[in-house]
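Participant: Chain residues, written in single-letter form:
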Amino acid sequence: MDVLLASLVDGLLIGFVYGLAAMGLTLIFGVMDVVNLSHGALIALGMFGVYLLFTGLGLNPYLGLLIVLVLGIILGMILYAIAIHPLLDGPHLSTLLSTFAVSMIIIGVGTMLFTSTPRNIDINLGSMVLGPVRLQGTRVVAALVAILVATGLYIFMYRTHVGKSIRAVANNRDAAELVGIPSVRILAFSFGLGTMLAMVSGGLIATLFPFSILSGGTYELKSFVICVLGGLGNPTGALLGGLILGLIEGLIPVFMPVGWTPVIEFTLFVLIILIRPSGILGAR
Amino acid sequence: MKGMRLFVTVLFILALIVTGCSKATPTPAPQPTKAEAAPAQQQAPEAKAKTLVLGFTASQTGKYAKESKEQTQGIQLWLKDLEKKGGLKLSDGTVVNFKVKYYDDESTKERVQQLYTKLITEDGADLLISPYSSGLTAAAAVIAEQYGKIMITTGAASDSIYKQGYKRVYQIYTPASRYLTGAVDALKAWDPNAKKVAVVYEKSKFATGVAKAVKAYAEKQGLEVVLFEGYEAGTTDFNPFINKIEAAKPDAIIGGGHFQDGSTFAKQLYEKKTPVKMVAILVAPAVPEFAELGDAAVGVIGPSQWESIAKYSPESAKAAGLTWCGPTIEEFVSGYKEAYGYEPGYHAAGGYAAGLVLERAIKMADSTDPDAITKALDAMDVMIFFGHIKFDTGEAHGLQIGHDMVYLQWQKKDGKVVREIVWPEAAKTADAIYPLER
Amino acid sequence: MMRYVRDPALWLTTLVVLVAGVWPLITRSATTREDMFLILMFVTLASSLNIVLGYTGYVNFGHIVFFGLGGYIGFYLIAEKGWHVIPAALAASLGVVLFAAILGGIILRLRGAYFALATIGVNEAVRSFIVNWDAVGGAVGMEMNFSRYQDYGGPMNALWFAYILLLIVTLASVLLSYFVRTSKFGLGLLAIREDEDAALVLGIPAPKAKTIAFALSAIFPAIVGTLFFFKNGNIEPGDAFRLHMSVEGIVMIMLGGYGTVMGPVVGAATYERLRGFLLTSPLFKNLQLAFAGVLLLLIIIFVPSGVVGWLRNRFPKVRRILA
Amino acid sequence: MMILEAQHLSSGYGELQILWDVSIALQQGRLTTVVGSNGAGKTTMLRTIMGLIKPWSGKVVFDGQDVTHLPPHKKAEMGLILIPEGRQLFTEMTVLENLEMGASPARARPKMKENLEKVFELFPRLKERMHQKAGTLSGGEQQMLALGRGIMADPIVLMFDEPSLGLAPLLVIELFDIIKRLKAEGMTMLLVEQNVHLALAVSDYAYVLSEGRIEIEGEASVVRQMDEVREAYLGI
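Protein chains in written order, with the working numbering: chain A, 266 to 549; chain B, 2 to 439; chain C, 357 to 679; chain D, 1130 to 1365.
Incorrect hints may appear among the rest.
[What the hints assert, rightly or not] Chain B stretches covered by chain C per the calculated footprint, using a threshold of three residues with CB under 8 Å from any CB of chain C: (1) 131-141; (2) 164-173; (3) 227-235; (4) 269-280; (5) 293-303.
Since the hints were made in silico from the structure, they are not lab data.
Computed from a prediction, not measured in an experiment: that's the story for all the values here.
By construction, the Cβ of each residue, glycine as well, lies at the ideal position given by its N, Cα and C atoms.
Looking at chain A on its own, in the form it has when it is part of the complex:
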């Protein structure tokens, strides 16, 4: 029973971070119908951003996140101009490949600069005990930051004109142009936002686990699963999807060998796409 409770809490906490990681992917898909295969590489870039600020300038990792946030938006807009915009009207495949090419470039240059040696941000915020559950400080903070960013995003998307414009472009790009929304600028900015979310989540993950330039791949796959759980293109759903994934990962080991976790995750993933492509929340 204690195990169950402890795993439940652990799963939920990490779920918020997973959800945040997936949000960028699902946002970009929702707005421009692009499956961003450089998502994982961008997550890794975020990890290194925070790491370098921490080791190089001694900057607190959580402050480092703020800088990574700004850099993420700028980088994302540059990437949009190079790899997305020229191909937006082409076949589906071309943006898949161009984003994959971006990922190759990031990982290639990253490997040269940082090698694939695992890095670790040595930060320990202690832990507290609540009944049978021991909460690690870094995880609680990470979950809180994730919630904060997600709430911020929600408010931005639903309360500000730019946010609403993003949703309008996602919903109907031609109509958005007709009412005077500069859709190209909005698309670029959305890609910036998506990139920012990926990098910030990477930075957060870096405060929890050791990582290397290749670590993004794992989270990219998890993000796919989460997006599908929450409904592709639905950032709010992503948070829910993240929580579900966190719970699955937390609870499966209680009932069966931990090695089966990915089998169940991916089987579930395929089943959900087949049965409810709009996600658990969405209507059929």
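Since the structure of chain A is already known, use the hints to place chains B, C and D on it.
Facilitator: Same frame as chain A, now just chains B, C and D:
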């Protein structure tokens, strides 16, 4: 007929693309060249020089890049030392020198096989050293054996390679089956009351092999294995798994996989303050970067193929009735530091040892004939800075049976985390922290 | 039948593969053979993937699952049951085609990104399942005793033997691609690619056609998997189901020309050569991955129809001989 | 004064030419209509003027400026607003949000509150359904919303593409009442309609588009009396 000409032109161009500019030049087997005698041998006018090509692949990119780099540097240092000595002199006055040839295998098997074939047939490699990791080595060993080349494997501990009937593949590392058994011995010695162990491992070729062996060994020693489970390679969040481990209430946790998962696991065990008396995990604790974990590293035990503070020496060789050869540990460590600016770990030592074993075998064979070298390797029983080296000549031909692991533990001294050898008794540099205080 | 015999495109395709493939047999150079083994392997993987990706327009990221499963079935039969490589490869192919037919019937209902994501899920689910399945070695995989090569006249002969088999398979897969492309069935696939709903209205049984295309694309990767791991002497889940290889396959198709017969052949060969060159070139060694990425990006943006597609557009005359 | 002019426009999709040398002009404060049968190229003409399709040749002049190659959002920013065929609402957003999006042009922002009141006064139903998703509205309500969204942009020229399409007859009459009201307020409008009868009845000036070419133009009242128009379009 214009169409025909077009057809032929296009055909020609396409064929050119597909075959590429692959040179069809059959590489002549490297003849013993009576090349320019090196200046060092001028006093021996009849000296013949012979250059052997030593080939291997290194993972300059991909998941093994780090370990592989160390290993490669070890090999290169050995070569440099040999060159400094003016090469390897045989009794007939021949001076043997080596030329090293290596490529990046991207940590993938397709490349390994392609490149080893290239090394053998195009670059005329006479002798081979394995890539890093058991998986890649398994792929390379097939090629080596297919061409009847001698291959010294290092950075590859898997046992199974030596059960495939290979005749010329020799292992430097202590095999996986004996990797963690010492931890069980240590536990029993330190705490006769300890009864329960949890064996948890990464689902990879190497770690699974180690885990199965240690489980069997622990059971034979009368311990109860309360949990035996593998986790997916690439796992980053161990919390749920740790909850499960805690529920099984083991006295000791034994297992792990590679550096990344191992260090993550150790960090999270610490953060969770998991109440166990001993934690022994593979690979990670032996890597210097493990110290980055800070307090989380303290108390963690790890098997190591070799430590710079180990006590192998000409004296200990004499005591064990073995011949000593090659540099002492101090010589190797200072040479490595001088060349690369930091202390070598066991991957680097393994690389150097592979070269040294080849050198020794040629010396023993007193010839560069592959059959003679093979015979020498079969008969080899020496102590080097890396430890005792002896190969199985029976069913598991080439398996390392001489070399033993040492077990190190991260301890805190004057506010700094340092590594100490705590097992076996004979090699230890400090008393173990047991039980863990958390 | 005559129309096939007289089609220069057919002859060109066959000859290119044949000339390149026989090259190592003439020179007897093992290095060339190893290089060509990889090239032919990728040609087969790319040109079979092209049936689904290029002709039908479904982006399959999980193509490698056919290769991996085929490899596992074949390797198991050879190493554990002592089968000869040829029946083992055929059995593997049969098993995998069945798997593809069933799987295709289920997941081809999905379109666009959903299908693409589902294929990733399938590959990962199968891989992680194999990792946990001890009967086929689980995470450790399986190894083959070296003496097994004696059945083929020693290890050297076994390698040549595997190579010749691969050459035959590659030829067959390129021919399959050609015949699908030029058949009425293939036209149906192209119609599905252009507009699936319209194709349905026109009376093309899209679900059935897609499933058949999916199953056809699984025949040869399964055999290649068996041959590759037979030559390797061991198999591990990580090597058999490497998602990255699927993506590389897609890159090759794009490079050569999406939806053409010759495209995947040219693309696979060029890509393999290029990577090989970059890997061993001292100039690019450290940056080869990034360099390949830049190149890919440039191609997608500036030559989106690939080498063969570009030639066909640029020189309409070439169309007759470059299918 | 001509506020909007299309001069010798040609355009189409891919290799298929649809518009052939089309010229129209809108006089300020008047309601101009372009009528024609299904497939005559009416929608293509509007999309070309708006910049959703790039013209092959010809010019678009708005408010004395050559705007031929400006993207649609720039034109909207200047006050040229199209209410597209099939409404093209932001179906996933609420009614209110749709209206707010209508006020995206900088020139419309300060007047947002004022315009919103005007829209709610014109269409009380929209006020009731303010927080409902646009996709859940009925066809008539959606057309109202599309019109309301256009008004929110504070247009200088308002262009309608087939506003009556798919509406029940009663709703069509309601819609034309509102168009008349806007006209009375002095709005310059371009109405593209298949419902020739009604369109000619409310308009000041008319063009007849047939197979991508302007066949007839003139004061609406005159065009309405022409025999060929009566036969071909009015079914009399």
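Participant: Each hint needs a verdict: does it hold in this structure or not?
Facilitator: Structure-based check of all given hints:
no., hint, result
1, 131-141, "holds (count 3)"
2, 164-173, "holds (count 4)"
3, 227-235, "holds (count 3)"
4, 269-280, "violated (count 0)"
5, 293-303, "violated (count 0)"
Checked against the numbered hints given earlier, the structure breaks hints 4, 5 and satisfies all the rest.
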